[in-house]
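*Asks:* Protein chains in written order, with my numbering: chain A, 1 to 421; chain B, 1 to 421.
Calculated directly from the structure, the hints in this document are not laboratory data. Some hints could be false.
It does not matter which identical chain is meant; a pair holds if it fits inside one copy or across any two.
[As the list claims (entries may be wrong)] As a list, the in silico DSS-like pairs of lysine-lysine whose alpha-carbon atoms are at most 25 angstroms apart:
hint, residue 1, residue 2
1, 403, 60
2, 41, 379
3, 379, 31
4, 188, 55
5, 4, 60
6, 342, 55
7, 41, 221
8, 285, 403
9, 41, 255
10, 403, 255
11, 285, 41
12, 221, 60
13, 55, 403
14, 342, 4
15, 286, 188
2 protein chains.
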Amino acid sequence: METKLNEILRVEHPAALTVMTGLGKRLYFPKGVPVQAGEAKRAGCPFNATIGELKGEDGKALPLPSMQETIVNLSSEESFLYQAQGGRPDLRQAWSDHISGEMPQSYSLPVACMGLTHGLSICADLFVDPQTDVLLPSPRWGNYDVIFGMRPQGRIHNYTVMEEAPDVRNSGFNIKGIKRAIANIEQKGVLVLNIPSNPVGYTPTSSEVEELLQAIEESTKPMVIVLDEAYKGMEWESSSVQGSIAKSFVNLDPKQFLVVKVDGATKELFFFGGRIGFVTFLCNKKSAPVLEEKVIASIRSTVSALPSPSQAMVLRALRSDTLQHEVGEIRGLLRRRYETLKRAMDERSVPYFPFNSAFFVLVRTPNDAEQMRQYLLTKGVGVVSVPSEQAIRVSYSTVSLDKIPKMISIIADALDAFQEE
Amino acid sequence: METKLNEILRVEHPAALTVMTGLGKRLYFPKGVPVQAGEAKRAGCPFNATIGELKGEDGKALPLPSMQETIVNLSSEESFLYQAQGGRPDLRQAWSDHISGEMPQSYSLPVACMGLTHGLSICADLFVDPQTDVLLPSPRWGNYDVIFGMRPQGRIHNYTVMEEAPDVRNSGFNIKGIKRAIANIEQKGVLVLNIPSNPVGYTPTSSEVEELLQAIEESTKPMVIVLDEAYKGMEWESSSVQGSIAKSFVNLDPKQFLVVKVDGATKELFFFGGRIGFVTFLCNKKSAPVLEEKVIASIRSTVSALPSPSQAMVLRALRSDTLQHEVGEIRGLLRRRYETLKRAMDERSVPYFPFNSAFFVLVRTPNDAEQMRQYLLTKGVGVVSVPSEQAIRVSYSTVSLDKIPKMISIIADALDAFQEE
């Protein structure tokens, strides 16, 4: 089974096979109960005794009333019963439609997964082993090390997202750093691009993306480019790229490169607790089903089906006539917080790294970042320390507009206090 | 960090370390954003800018209206925001209370996971590598091979659940088969016990469990015993063990044995689409937090947080005064289906393997099981083929009471038709 899948990749998208791990090569979706249940359903059997889930005497879902009482506007079937492996087909199609404007012409049908972490972890299953050089942004969301390092034992190389200027506010997107990181690839590489960046809150300009693409094309090694687009759509300045950068990679040679896009409802639809992400490949129509099956097989061997209530909720939002308006309202609020925060910081000359997107700003501290974090806790301000950049990450997504000036004032005072020492 | 954890296990539960994989030994939970966010919360910071989730101007969750409109009787915070790694503490405690009657005195706080598959996959992360002999029931739920074989490359050995008699209806629980399988363990073993069994639908008697325990104790190899208790509580005959068999293992020597219980809301609370399972260890109070952290670290590196709506729904059910009654109603319906099915089969002398629990019965076919499945599809009956036993699995959980006699009549006719050939 898996041999046949791998053979299709060898012909249709050679890089996908070159970069694939042993596990990735072994993965295929076994024909089991879900498949036989599907056959009985399609055959229209009046007696369907295939699957180990429960139906009532009326053939409908039979949830416990104490759970049923929490759900409205969704059917019990879509809330309480199993959904298809890899996600409901209607949800996958709806997400495909949702992203179609930002994608090249040919891409796989998005496979649903358990949120962004899971999408990245699936990429690690398929492409990262101890012989893989993994290029990760620095600073980064801490879980990257766990997903790409601790678990599959990839060789981690850092590239610094911002090339630091003497005044950190003049720092720029660090193409040179990415080039240097790419040069570390021995056999095969995985380049993780997190745009908009967490924790930097930076999205590059079109010309910076152009330079990035050139840097990638200059490499001679087989490479997977993983786009972590958790914060896609939350760009607050017109000078940066708006939305996904996937289209930029459409002309990369499939003999050498494979591009995977990981995104989802977690941040983009503000459904943090839902755990609905998507994995989508830039590839031709023959490779697509193979890569989709590898992803679904990875999911089958770790968590199997995905949460039905969350899937139904995301699908309802995607189908809503008012979705754009609903998302726009919240983005508008975040943009106002961004503007208020930036203005307040400028007034106090707070030394921040350039930021234009997502939920964050990095502020350079005059002292140890962890010391600053602890100090700010005593002043009523909770931030995250980013020791590698001697900075604190300030997230404005959880702080109300009216509190932002006061919060920045406390932070600026703290910076001043330690500056003087 | 992980060295300290492993050292505790070496002293407090040596077998846990002896059987642990390289990945299991490496796993620890990194102090990241969730921990720093927790500190800011506990410090009561009026300005909490730690976490990348969204709060409205009133400090509350701010979901999209089209999703919000699906939830009642749960707060937006518990439905839309992130919950603690390893599951909400109140949910974990509620499940601990839920199982306390069936557990020995000392056990770990259950860690929530994404359903039964995920619980088993976590066990594979911790305990299965190419040097591990994994003893699996036959016939079995097909995903076992993917979880314990394809992914971590454990050496799979089968034991036949039922020792077949000339008339399959007289078959018995196959202790000898388990003994033979245990003899295959070279360095270290993982014994997976699926009770009640899927697809056999059999739960052993107390004396059979006693014999099983003896067979385990006779082994001299380090061993993890994984209890897959998906169908726990669905025993339809008083002659079999009722509920979990965990207590039987309380006196196993921690120098040689570790017992892990995997259960969850999927079947036990009829929440198939929820994806809420639990992993619980039989161990002392010093090993418990270490093993819990290993599990949470495994989760963190694959799917991170768990679905919030599902967690809130399960917790609501566990806290409901009417839970026992609600579950009892559904179990009562299943029991009536079981009795009706058994009576109908006895009337037609259908050759079934002994069954007394869960949702299934295995019926011996006179011909190839897959051929019989295909034939039954044309007669309007969907079943699952189990070629290893030359049997079909008939699931009565999805067939209404009034349809069961007719369904059995069709099956019996089909058996007769092929018998005569």
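*Asks:* The structure should be examined with respect to each hint, and the outcome stated for every one.
*Replies:* Going down the list of hints, with the structure as the test:
{"no.": "1", "hint": "403 x 60", "result": "between (50 angstroms within a copy, 14 angstroms between copies)"}
{"no.": "2", "hint": "41 x 379", "result": "between (62 angstroms within a copy, 13 angstroms between copies)"}
{"no.": "3", "hint": "379 x 31", "result": "between (59 angstroms within a copy, 22 angstroms between copies)"}
{"no.": "4", "hint": "188 x 55", "result": "neither (49 angstroms within a copy, 41 angstroms between copies)"}
{"no.": "5", "hint": "4 x 60", "result": "neither (39 angstroms within a copy, 51 angstroms between copies)"}
{"no.": "6", "hint": "342 x 55", "result": "between (56 angstroms within a copy, 19 angstroms between copies)"}
{"no.": "7", "hint": "41 x 221", "result": "neither (47 angstroms within a copy, 46 angstroms between copies)"}
{"no.": "8", "hint": "285 x 403", "result": "neither (51 angstroms within a copy, 44 angstroms between copies)"}
{"no.": "9", "hint": "41 x 255", "result": "neither (41 angstroms within a copy, 50 angstroms between copies)"}
{"no.": "10", "hint": "403 x 255", "result": "neither (52 angstroms within a copy, 56 angstroms between copies)"}
{"no.": "11", "hint": "285 x 41", "result": "neither (27 angstroms within a copy, 49 angstroms between copies)"}
{"no.": "12", "hint": "221 x 60", "result": "neither (54 angstroms within a copy, 48 angstroms between copies)"}
{"no.": "13", "hint": "55 x 403", "result": "between (51 angstroms within a copy, 13 angstroms between copies)"}
{"no.": "14", "hint": "342 x 4", "result": "neither (55 angstroms within a copy, 43 angstroms between copies)"}
{"no.": "15", "hint": "286 x 188", "result": "within (23 angstroms within a copy, 43 angstroms between copies)"}
Comparing the model with each numbered hint stated earlier shows that hints 4, 5, 7, 8, 9, 10, 11, 12 and 14 do not hold.
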